[in-house]
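**Q** Following the hints, complete the assembly by docking chain D onto the known chain C.
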Amino acid sequence: AQSVTQLGSHVSVSEGALVLLRCNYSSSVPPYLFWYVQYPNQGLQLLLKYTSAATLVKGINGFEAEFKKSETSFHLTKPSAHMSDAAEYFCAVILGNNRKLIWGLGTSLAVNP
Amino acid sequence: EAGVAQSPRYKIIEKRQSVAFWCNPISGHATLYWYQQILGQGPKLLIQFQNNGVVDDSQLPKDRFSAERLKGVDSTLKIQPAKLEDSAVYLCASSIGDGSSYEQYFGPGTRLTVT
Numbered sequence: 000a001q002s003v004t005q006l007g008s009h010v011s012v013s014e015g016a017l018v019l020l021r022c023n024y025s026s027s028v029p030p031y032l033f034w035y036v037q038y039p040n041q042g043l044q045l046l047l048k049y050t051s052a053a054t055l056v057k058g059i060n061g062f063e064a065e066f067k068k069s070e071t072s073f074h075l076t077k078p079s080a081h082m083s084d085a086a087e088y089f090c091a092v093i094l095g096n097n098r099k100l101i102w103g104l105g106t107s108l109a110v111n112p
Numbered sequence: 008e009a010g011v012a013q014s015p016r017y018k019i020i021e022k023r024q025s026v027a028f029w030c031n032p033i034s035g036h037a038t039l040y041w042y043q044q045i046l047g048q049g050p051k052l053l054i055q056f057q058n059n060g061v062v063d064d065s066q067l068p069k070d071r072f073s074a075e076r077l078k079g080v081d082s083t084l085k086i087q088p089a090k091l092e093d094s095a096v097y098l099c100a101s102s103i104g105d106g107s108s109y110e111q112y113f114g115p116g117t118r119l120t121v122t
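As they're listed, the protein sequences go chains C and D. Taking the numbering used here, the leading residue of the first sequence gets 0, the next gets one more, and so forth. Taking the numbering used here, the leading residue of the second sequence gets 8, the next gets one more, and so forth.
Don't take each hint at face value.
From the structure, some residues in chain C lie toward chain D, with a derived Cβ separation under 8 angstroms [what the hints assert, rightly or not]: (1) Tyr31; (2) Phe33; (3) Leu43; (4) Lys68; (5) Phe89.
Simulated from the structure, these hints should not be mistaken for laboratory data. Glycine included, every Cβ here is placed at the ideal spot set by N, Cα and C.
Chain C on its own, in the form it takes in the complex:
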């Protein structure tokens, strides 16, 4: 079955540390991949997307993600965490011919001073 897996429902980092949020997908066809962020009491905001162009994708707020076909992964990184990065992060994938968006369960990022 086609799916999206986010490893780690909760991630905690210190301010200034590297942020790494993991996303793996299963698909037999090239996917479209997205990362969304949700701040408390707000809707979802698109951070970045992969659409079969460059494998390293840069997004807003200093985030980037690398598409690795061999690992079926699309991990989200940021070199230095800010307190304002504390939020819920969702990986989502367009899979299959019906182009349905499949969501991961989300990773809650906490940034400690």
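**A** Chain D in isolation, oriented as in the chain C frame:
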């Protein structure tokens, strides 16, 4: 460019009452989505419209939920009668819908509390 608008932002009702949510997508976006997001979970697609036609409503509890997009622009989602388990954030999203890109743009959501 104006984003996706939703109203109200918050709503508190008693069980068995009815409630309606409104969404106005980004201008020119043909595809409109309604999601339900229960606290601590990811979004669950309730219904997807392409213009004024329904593309996917497989997860919409049709005995109590209904949605329409009569003129292919704004949309309403209704719950009648509400149950306690309907307490959630209801998110509306839109996408351009012409196959050129698939990203969805979300509104701020409506937080529903059923007591």
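**Q** Are the hints correct? Go through all of them and say.
**A** Tested hints:
{"no.": "1", "hint": "Tyr31", "result": "holds, 5 angstroms"}
{"no.": "2", "hint": "Phe33", "result": "holds, 6 angstroms"}
{"no.": "3", "hint": "Leu43", "result": "holds, 4 angstroms"}
{"no.": "4", "hint": "Lys68", "result": "violated, 18 angstroms"}
{"no.": "5", "hint": "Phe89", "result": "holds, 6 angstroms"}
The structure fails hint 4 only (numbered hints given earlier).
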